[in-house]
Amino acid sequence: MTSLRFHIRFPENKIKEPIIYQIGHEFKVVTNVRRADVRETTGWMDLELTGETEEIERAIDGIRTKGCVVDPIELNVVE
Amino acid sequence: MAKMKALVCRECGKEYPPKAIHVCEMCFGPLEVKYNYEEIKGTISRKKIEQGPHSMWRYIDLLPVESTAIIGPHAGLTPLVRAKNLAAYLGLDELYIKNDTVNHPTLSFKDRVVSVALTRARELGFETVACASTGNLANSVAAHAAAAGMKCYVFIPADLEAAKVLGNLIYKPNVVEVEGNYDDVNRLCSEIAGEHGWAFVNINIRPYYAEGSKTLAFETVEQLGWRTPDQVVIPMASGSLLTKIWKGLNEMHALGLVDQVRTKINGAQAEGCSPIATAFKAGRDFFKPVKPKTIAKSLAIGNPADGYYALKATGESKGAMDAVTDEEVVEGIKLLAQTEGIFAETAGGVTIGVLCKLVKQGLIKKSDVTVAYITGNGLKTQEAVVDAVGRPFRIQPSLVNFQKTFKMGKNSGGDS
Numbered sequence: 003m004t005s006l007r008f009h010i011r012f013p014e015n016k017i018k019e020p021i022i023y024q025i026g027h028e029f030k031v032v033t034n035v036r037r038a039d040v041r042e043t044t045g046w047m048d049l050e051l052t053g054e055t056e057e058i059e060r061a062i063d064g065i066r067t068k069g070c071v072v073d074p075i076e077l078n079v080v081e
Numbered sequence: 439m440a441k442m443k444a445l446v447c448r449e450c451g452k453e454y455p456p457k458a459i460h461v462c463e464m465c466f467g468p469l470e471v472k473y474n475y476e477e478i479k480g481t482i483s484r485k486k487i488e489q490g491p492h493s494m495w496r497y498i499d500l501l502p503v504e505s506t507a508i509i510g511p512h513a514g515l516t517p518l519v520r521a522k523n524l525a526a527y528l529g530l531d532e533l534y535i536k537n538d539t540v541n542h543p544t545l546s547f548k549d550r551v552v553s554v555a556l557t558r559a560r561e562l563g564f565e566t567v568a569c570a571s572t573g574n575l576a577n578s579v580a581a582h583a584a585a586a587g588m589k590c591y592v593f594i595p596a597d598l599e600a601a602k603v604l605g606n607l608i609y610k611p612n613v614v615e616v617e618g619n620y621d622d623v624n625r626l627c628s629e630i631a632g633e634h635g636w637a638f639v640n641i642n643i644r645p646y647y648a649e650g651s652k653t654l655a656f657e658t659v660e661q662l663g664w665r666t667p668d669q670v671v672i673p674m675a676s677g678s679l680l681t682k683i684w685k686g687l688n689e690m691h692a693l694g695l696v697d698q699v700r701t702k703i704n705g706a707q708a709e710g711c712s713p714i715a716t717a718f719k720a721g722r723d724f725f726k727p728v729k730p731k732t733i734a735k736s737l738a739i740g741n742p743a744d745g746y747y748a749l750k751a752t753g754e755s756k757g758a759m760d761a762v763t764d765e766e767v768v769e770g771i772k773l774l775a776q777t778e779g780i781f782a783e784t785a786g787g788v789t790i791g792v793l794c795k796l797v798k799q800g801l802i803k804k805s806d807v808t809v810a811y812i813t814g815n816g817l818k819t820q821e822a823v824v825d826a827v828g829r830p831f832r833i834q835p836s837l838v839n840f841q842k843t844f845k846m847g848k849n850s851g852g853d854s
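Residue numbers (my numbering), protein chains in the order written: chain A, 3 to 81; chain B, 439 to 854.
Among these hints, one or two may not hold up.
Only pairs whose alpha carbons sit at most 25 Å apart, straight line, appear in this in silico PhoX-like list of lysine-lysine [stated by the list, open to error]:
#, chain 1, residue 1, chain 2, residue 2
1, B, K726, A, K68
2, A, K18, B, K756
3, B, K602, B, K685
4, B, K702, B, K798
5, A, K68, B, K729
6, B, K485, B, K685
7, B, K756, B, K702
8, B, K702, B, K602
9, B, K750, B, K726
10, B, K795, B, K452
11, B, K804, B, K756
12, B, K457, B, K441
13, B, K479, B, K685
14, B, K457, A, K16
15, A, K16, B, K729
In case anyone wonders, no lab produced these hints; they're calculated from the structure.
Use the sequences and the hints to build the structure in full.
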């Protein structure tokens with residue numbers, strides 16, 4: 003089992019959707035929100051996903067397919 | 439008691455032992471070094487600093503290392519150039535260029551942060567260092583690792599220009615080209631850092647790495663005769679450099695090395711990647727990530743990790759932020775070169791461009807003691823100006839032809 007941490011950004015038209023709930027049902031990963039800021043026009047959350055590495059990768063692709071942006075928790079690593 | 443108290447979460451304040459960690463286990467906020475200032479106050483003084491080594495390591499009391507076995511002992515203490523010609527052009531009384539184009543050994547300010555990062559990494563028992571970079575950071579990590587005899591991995595996007603790849607290969611690190619875009623490289627490196635026991639300088643060593651930037655503030659104050667400037671202009675990529683210069687100035691005040699901090703902290707970005715400056719101008723406390731499109735590639739971070747903290751620092755200091763076009767970047771590079779003889783990389787063009795704007799807007803006044811931070815050497819980004827500097831005069835190998843070209847008579851125009 004692996005735990006990886008991500009920073010997820012929600013576009014305005016996705017803010018009301020229960021995306022994290024859906025991801026927890028569609029993939030074999032445990033979702034754990036540690037910090038978030040959701041406003042009327044913008045939203046982000048810091049999320050931990052625990053599971054097999056390949057399943058986490060699939061879950062990340064799933065979040066992206068739903069229209070969100072996924073970055074590592076560090077945001078920018080390449081300098 | 440050690441000078442380093444702990445690593446502390448910048449969000450929730452939870453403290454951790456000073457090891458190779460960078461994210462708060464509770465809230466996932468970023469960690470930074472917390473010092474025992476009472477202890478440091480008892481040992482540090484202007485005199486002690488002045489008698490220290492001719493490098494940034496004269497400020498070792500305020501850097502997060504425990505030993506004196508320094509990797510990169512010659513980094514820093516770069517010239518603070520009194521820029522009289524550029525000052526006259528801008529109508530300023532007292533302008534300085536903090537010239538990190540000549541930093542040792544790889545000609546950018548990254549030598550400061552990497553020197554601290556590798557010194558700390560070795561203290562913590564690491565034998566392998568790594569980074570993900572498109573330029574200056576990779577050069578510096580590879581060079582310092584070679585000198586220290588440490589194993590090194592440098593991750594780069596597969597489409598990086600050949601000249602930049604060469605600049606890394608020469609030091610013989612393991613250069614790994616990752617197929618995919620910036621975001622792919624970004625995420626892969628974060629995952630590798632989590633899986634392997636390496637010192638990733640800008641990931642798990644980041645709390646220490648970032649502290650090296652404070653030395654730009656310390657040196658500026660000492661080189662100004664223990665004065666803080668009224669205004670500074672700082673290029674922003676992740677925003678870390680700006681926040682650390684602000685932290686450094688405030689540390690000097692807290693330790694009694696300067697009487698007051700009167701400095702306005704101004705941030706500079708290129709319009710093609712200006713998430714922080716755009717947020718500042720819109721009066722927002724958060725930034726919206728962007729896809730970078732600018733010639734200032736060393737500043738092209740669309741989702742800056744310290745963007746929020748940079749906005750905070752500029753706000754606290756009552757400074758400003760602005761952005762310039764790529765054309766203004768090139769003009770800035772040329773202006774600095776042609777007035778002060780300093781050839782800066784594109785980030786320097788951004789700084790000078792924004793300096794010009796802030797003066798024009800009246801935000802930097804004639805009497806303000808102003809410092810512009812020039813963080814990298816122009817020889818690294820020659821492609822940015824290749825079409826903007828004209829061509830040489832071409833003549834036949836005859837004295838007559840030379841004199842005709844420059845409209846000189848037989849005995850005119852000589853300097854001797």
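I'd like to know which numbered hints this structure contradicts. Please list them from smallest to largest. When the structure is compared with the hints, numbers 2, 3, 8, 10, 14 turn out to be violated.
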